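Student: Residues per chain are reported as follows:
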Amino acid sequence: MNSTIKYFTDIFKGVLSLWAGMRVTGKYFISPGEIVTEQYPENRATLKMTGRFKGEVIMPHDENNQHKCTGCGICELNCPNGSIEIITKKVPNEEGKMIRAIDKHIYHLSMCTFCELCIKTCPFDAITWGQDFEHAVFDRAKLTKVLNKPGSSLKKKEVKS
Amino acid sequence: MSEETVEKKIILKEEDDYIVNMGPQHPSTHGVLRLEVCLSGETVNYMIPHIGYIHRGIEKMAESDTYKQVIHLTDRMDYLSSHINNEAVCLAVEEALGVEVPERVQYIRAILDELTRIASHNLWWSAFGMDLGALTTFFYGMRDREKILSIFEESFGSRLLHSFNTPGGLLHDVHPDFRKHTLEYVKYFRKKLPDYKNLLTDNVIFHNRTIGIGVMDKKMAINYGVTGPSGRGSGFSCDIRKAAPYGIYDKVKFKEILYHEGDSFARYKVRMDEMVESLNILEQLVDNMPEEGGFTAKMKPVIKLPEGEYYQRVETARGELGVYIVSKGAKYPYRIKFRSPNFSNLFVLNTLSKGGIIADLVAICGSLDLVIPDIDR
Amino acid sequence: MILDIYSFSTLTSSIDNSLHNMMSPWMATLTEFVLVGIVFLLFYALLGLFLVYLERKVCAVIQNRIGPNRVGRWGIFQTFADFIKLLMKELITIKHADKFLFNLAPFIVIIASFMAMAALPFAKGLQAIDFNIGIFYVIAVSSLGVVGILIAGWSSNSKYSLIGAMRSGAQIISYELSVGLSLLAIVIFSGSMQLSTIVESQADGWWIFKGHIPAFIAFVLYLITATAEINRGPFDLAEAESELTAGFHTEYSGIKFAFFFLAEYMNMFIVSAIAATLFLGGWMPFHIGGWEGFNQIMDYIPSILWFFGKTFVVIYIIMWFKWTFPRLRIDQMLNLEWKYLLPLNLMNTVIISFVVLMGLYFK
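Chains R, W and P supply the protein sequences, listed in that same order. Take 1072 as the starting number for the first sequence in the numbering used here and just add one per residue. Take 446 as the starting number for the second sequence in the numbering used here and just add one per residue. Take 118 as the starting number for the third sequence in the numbering used here and just add one per residue.
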C-alpha cells in the first residue's frame, strides 16, 4: 500500500516541480520587457563603450598634429607579443643637433592581447586606449597600423606633473 | 637498464570495440576535448580522453617573459577565472619579494575573485543545463553573467581576459562606481536565484538525470586530486580560501560548502550554494572596503625574484591552482609550472562514466565543469 | 448551430459543380485531385516554414531575446531565406552509405506526415477525406515516420546516426501505445472514430469540459506522449544535440535535412491539430449549453479560426515544454512510458468506460 501511495505522490511531486519550471519560462514569455537583446548595427549611434574600454592602442595627437612619443622604445620592450615596433630617425632640433625622434610607431593589432603593459609603462603617456572596436577587415595587413600621423612631430616638452 | 624494468604494454582498446569519438568538435565537451568512448549499445565501457588540441605552451612562453608579462598569459588558461589566475602569479611574486600590498588592494582582489567565481559558476550553470537539454538555462545564465561582465568592463576595459593584476597591486584603480554597481548586482542576483531553483534545481527530470550519477567517493576524489567544487561535492574539504587563506580571506566569514553524496547533483548543489556564499562574501567585503590606501605597493620597475623556488596556491572557480616558480635571479622566471585544477578533474571522468550511458557521460562531464584551455595550457 | 456562411462546403461544392459542367466527370475528378494536392503541398510548405518561424520567436521571447528580426518586418521571411539557403546547399553523399536508403529516408518521413494531414478537419466542410476510422488512420500513418528515421540512421553509416535512430525506434514504438490509449478516451466518449462525428459531438461543449476529470487526464497524457511521439524536447533523444550532435540526421545536408526538419514541425502541427479536434472541439466554436446569446456570438467567429486558434494553443504548450525542461535519459524515458504513462492511461480508460456506462459526464 505504501508503495502505491509513494507511486502517486511521486507523480504529483514531479508534475508540481515541472509546473514550477514552466511558470518561470511562462513568466518571461508574457513579459517582453525583460528582453535584453542589443540590436547592434542599429544602435551604433547610441552605443557607448565605457571610458576604459580597451579597443585598440592609439596615440593622441593635438590640433597642431603633435604627439608626445619620443621614440624611447619602452613600450616595445614591455610588449609580451612583439606587437609594437618603433622605428626612429635622426632629426635636427632647434640648435641644429641631431637627436633621435620617432619615425614610425608600428602597432600590430592582430597580435595584441590588450594587456595594457605598453600604456602603463609609457613614461610620457604618449599612447592610450581607443574606444573603437570594429576591427574586422578583409586583409590582415590592414591590422598593422602606424600610430603617429604623417608629418606629426614631438610636442614641446612641458613640465610633467 | 636492469632486468626488472621490462616494457609493459597496456592494452587500452580492443580491435572490435565500438568506438565513438566525442570531439574535438562536439557540443558537450565545451571546447576541443576529444573523448574516445567505447560503447556497447548505449553503455560506456571505457573512455579515453585525448588532450592537447589547444596546447599553446604557456609554461614555456612564460620562461621568456618578465613577471609582469606572465600575467597576461595566465588569463588564457582558465579563461573563466582569469582574475584568480592572475592573482596566483602576483601572490607568488609578492611573497617571493616580501612585498606587503595595501589592504585596499587585497579587498578589491577578493571582491573580483568572488565576482569571477559567480560569473564562472553562472556560465557553468547555463552550460550544464544545456548539456542536459534545457536550452533556456543558457540564456538566463548568460543574462545574469552579463551584469558582472559590465562591472568588469567598466573598471578594466575588458570583459573576459582582464590582465588587471600586476605584482604589487593592480594596474589602476577601480572605477568610482564599482562599489555601487557591485551592490546593485548582489541585489539583482539574489532576486534571480529562485528562477534558477525552479527551472533546474527542483526539476524532477533534472533530479533523475543527476542524482546517483557519477558517484565519486571522498577517497577517489583525494586519489585523483579532484579539487574545487567537484571535490567538495564528495566531501573532500579542499577550499584553499579556508585551508591556506591568502589575501583578505582570513578576515572574511564564510562557509565551506561540503556535500557528501559525491554524485553529479552534489557537485551541482555545491556550486549553487557557492554562488550564494560568494554573494555573502561580496556583501561583507564591499561594505568594509577602505576608500584610501592606493591601488599598488611600491615596486621596482624591473622585478627580479631572488634565487629560489616559490609556490602559491589559490582557489579558482574550478579548484586548486598552484603556481610554482623557479627563479635564478633573473628578470625572467627560470621555470613556471601551473598545477591546473581541470587537468586533475578531467582524468576522473573515465572512472566515473564507466558503466553509465552516453547521457550520463555528458552529465558527468558537465558537472565536473571542465575548461579545456586550462587542461592543455 | 454553425452559421452556413462560414461553411466551406458551399465553396467546395460550387467548384465541384463548375468543374463538372466544364469537363467530363473523370476529368473533373482528376482535376480535383490535382487541385487538392497542390493546395495541400502549398499549405504544408508554408505552414512548416511558419511553424519554424513561430518556434524561433516563442523560444526567443522565453529566453529574453528578440529572435529573427532582419529579413522582412519582424523577420517573418527569415525562414524563407533559410529554406532558399538549404535548397542551394550541396547534398553531401557519405562514403559507404547505403545510397538508395539514404536518399529514400527523408521522403518516407515527409510522406508519413503529409498523409496524416489528409484526414484533419480544418473547418466546417474542409476535410480532404472523412474516413469512418479517422483517428485510427492518423495514428497508423503518423507512426510510419519512424521507419524513415530508422532507415536514415541505419543508412548514414555514422555511429551517432545509428544510436539516434535506435533511440527513436524504441521511443516511438513505446509511446505509440499511450497515444492510442489516450485518444481512445475520446473515442469512448463520442462513440465514433470518425473525426467529423467527433467534432459534431462537441457542439454543446468540448470533450475536455464535458468529460471533466478523466478527459482532462487523458488530455495531459496525450500532450506528454504526443511530445514524445514527435521527437521533441524533453523527449528529443533521437536528436539530442549535446549527446549525439544531431542524431539520426547528422549526415544529412541541404534539402534532405530540410525535409526532416519540415516533417518534424508538421508532425507537431498534426498532433496539436488532433488534440484540438478531439479534446478542444476542433473547428467547433466555444459553446455553453443553454446560453443561446453567448453561443450565437461565438458562432460569428469563423470555424477555421477556431481550429487554428486551438491548434496553436496546443503547439505553444508543446513549445513551452521544449524550452523549459531538461532532456530525459533513454532508460528513464522508457520507464516513464511503461511505469507511469501506460498504467495511468489504462486506469484512465477503465474509469472513462465506467463514466460513460453510468452516464456520469455532461451531455
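Treat the hints as calculated values from the structure; they're not laboratory data. Here the structure is a predicted model, which means the values were calculated and not measured. Check each hint, because a few of them may be wrong.
Covered stretches of chain P, going by a simulated chain W footprint (3 or more residues, C-beta under 8 Å) [stated by the list, open to error]:
(1) 162 to 172
(2) 198 to 204
Quick list of in silico lysine-lysine cross-link-like pairs, DSS-like style, CA-CA up to 27 Å [what the hints assert, rightly or not]:
(3) K1191(R) <-> K505(W)
(4) K276(P) <-> K799(W)
(5) K1175(R) <-> K1119(R)
(6) K1213(R) <-> K1139(R)
(7) K1077(R) <-> K642(W)
(8) K637(W) <-> K1191(R)
(9) K696(W) <-> K642(W)
(10) K456(P) <-> K1077(R)
(11) K1119(R) <-> K625(W)
(12) K745(W) <-> K773(W)
(13) K1139(R) <-> K1098(R)
(14) K773(W) <-> K1098(R)
(15) K1084(R) <-> K714(W)
(16) K505(W) <-> K773(W)
(17) K1084(R) <-> K745(W)
(18) K505(W) <-> K1119(R)
Beyond 10 Å from chain P on every Cβ pair, some chain W residues (computed) [as the list claims (entries may be wrong)]:
(19) V465
(20) G578
(21) R588
(22) R654
(23) I802
Glycine included, each C-beta is placed from N, C-alpha and C at the ideal position.
Student: With a C-beta cutoff of 8 Å, work out whether three or more residues of the stretch 162 to 172 of chain P approach chain W closely enough for the coverage to hold.
Tutor: violated (count 0)
Student: Check whether the Cα positions of K696(W) and K642(W) lie no farther apart than 27 Å.
Tutor: violated (30 Å)
Student: K505(W) and K1119(R) were given as a pair; does the straight-line alpha-carbon distance stay at or below 27 Å?
Tutor: violated (39 Å)
Student: Would the hint linking K1175(R) and K1119(R) be met if the CA-CA limit is 27 Å?
Tutor: violated (30 Å)
Student: K1139(R) and K1098(R) were given as a pair; does the straight-line alpha-carbon distance stay at or below 27 Å?
Tutor: violated (56 Å)
Student: Taken at face value, is the distance from the CA of K642(W) to the CA of K1077(R) at most 27 Å?
Tutor: Holds, at roughly 24 Å.
Student: Can you confirm whether chain W covers the stretch 198 to 204 of chain P, using C-beta to C-beta distances below 8 Å and requiring at least three such residues?
Tutor: This one is violated; 0 residues, fewer than the three required, reach chain W with a Cβ under 8 Å.
Student: So if I understand the rule, the pair passes when the alpha-carbon distance is 27 Å or less; does K276(P) with K799(W) pass?
Tutor: holds (19 Å)
Student: In terms of Cβ atoms, is chain P entirely out of 10 Å range of R654(W)?
Tutor: It is violated; R654(W) is separated from chain P by about 6 Å at its closest Cβ, not greater than 10 Å.
Student: For the pair supplied as a hint, K1084(R) and K745(W), confirm whether the alpha-carbon distance does not exceed 27 Å.
Tutor: violated (64 Å)
Student: For the pair we were handed, K1191(R) and K505(W), check the Cα-Cα distance against 27 Å.
Tutor: Distance of about 25 Å is within 27 Å: holds.
Student: Check the hint pairing K505(W) with K773(W) against an upper bound of 27 Å on the C-alpha distance.
Tutor: holds (16 Å)
When the structure is compared with the earlier hints, violations turn up for hints 1, 2, 5, 8, 9, 13, 14, 17, 18, 19, 20, 21, 22 and 23 and for no others.
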